[in-house]
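Chains as they are written, first to last, in the working numbering: chain Y, 18 to 127; chain D, 2 to 112.
Treat the hints with care, since some could be wrong.
What the hints assert, rightly or not - Here are some chain Y residues the structure puts well away from chain D; computed CB gaps all over 12 Å:
hint	residue
1	Val-30
2	Ala-34
3	Ser-45
4	Thr-79
5	Ser-85
As the list claims (entries may be wrong) - Some, not all, of what chain D presents toward chain Y, calculated at C-beta under 10 Å:
hint	residue
6	Tyr-36
7	Arg-45
8	Lys-98
9	Gly-104
None of these hints come from the bench; they were simulated from the model.
We put the CB at the ideal spot given by N, CA and C, even for glycine.
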Amino acid sequence: QKEVEQDPGPLSVPEGAIVSLNCTYSNSAFQYFMWYRQYSRKGPELLMYTYSSGNKEDGRFTAQVDKSSKYISLFIRDSQPSDSATYLCAMNQAGTALIFGKGTTLSVSS
Amino acid sequence: DAGITQSPRYKITETGRQVTLMCHQTWSHSYMFWYRQDLGHGLRLIYYSAAADITDKGEVPDGYVVSRSKTENFPLTLESATRSQTSVYFCASSEQKNIQYFGAGTRLSVL
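Only chain Y is shown next, with the shape it has when bound in the complex (with noise of 0.2 Å):
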């Protein structure tokens, strides 16, 4: 079983859908969960960062960690086509190699 499994999609929805980008993982010390997005030919943003479990907020964005299930969730409100990109996970614990998803790909049409 890999360490973090992530559906690489693609994933294609209308402008103003709610989107769900999804994680699991394995290793239940992690405690540092992420989610970076990464456009065409560019390298990844970090666009999230929560540490252990709950939700965090940032306008359009909300990050879910749930440790019981191994499970976390970037959820995307009012998508835009601004929003097409490939969205990487990526967890570790203290001190260790960040450990990355293969990435979803989106594509928000107009």
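Chain D: place on chain Y using the hints.
Chain D only, in chain Y's frame:
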């Protein structure tokens, strides 16, 4: 400019040649990392450095060499490039090992 910069952005080379990819950060972050990104594999860690003169292997270090004589620079060298090293290479930096900030990447083609 503040941030993390990689050079060159694009590089074409031939098998057997030595290639060095450069990475420079202006944040004075302790940690620096090199990843490669390939379809089907995602981001894979090649090497990382916790401070000047301290480096350690990641998941896929074979065929690569790194050095870190100054905190702000972390060059990656392919000593004898192979076609399997054709990839997009990303440098990242962080104050700790979790939140990492990435450069724009170097697209390397080995012919």
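Hints versus structure:
no., hint, in the structure
1, Val-30, "holds (22 Å)"
2, Ala-34, "holds (25 Å)"
3, Ser-45, "holds (17 Å)"
4, Thr-79, "holds (19 Å)"
5, Ser-85, "holds (21 Å)"
6, Tyr-36, "holds (8 Å)"
7, Arg-45, "holds (8 Å)"
8, Lys-98, "holds (6 Å)"
9, Gly-104, "holds (5 Å)"
When the structure is compared with the earlier hints, no violation turns up for any of them.
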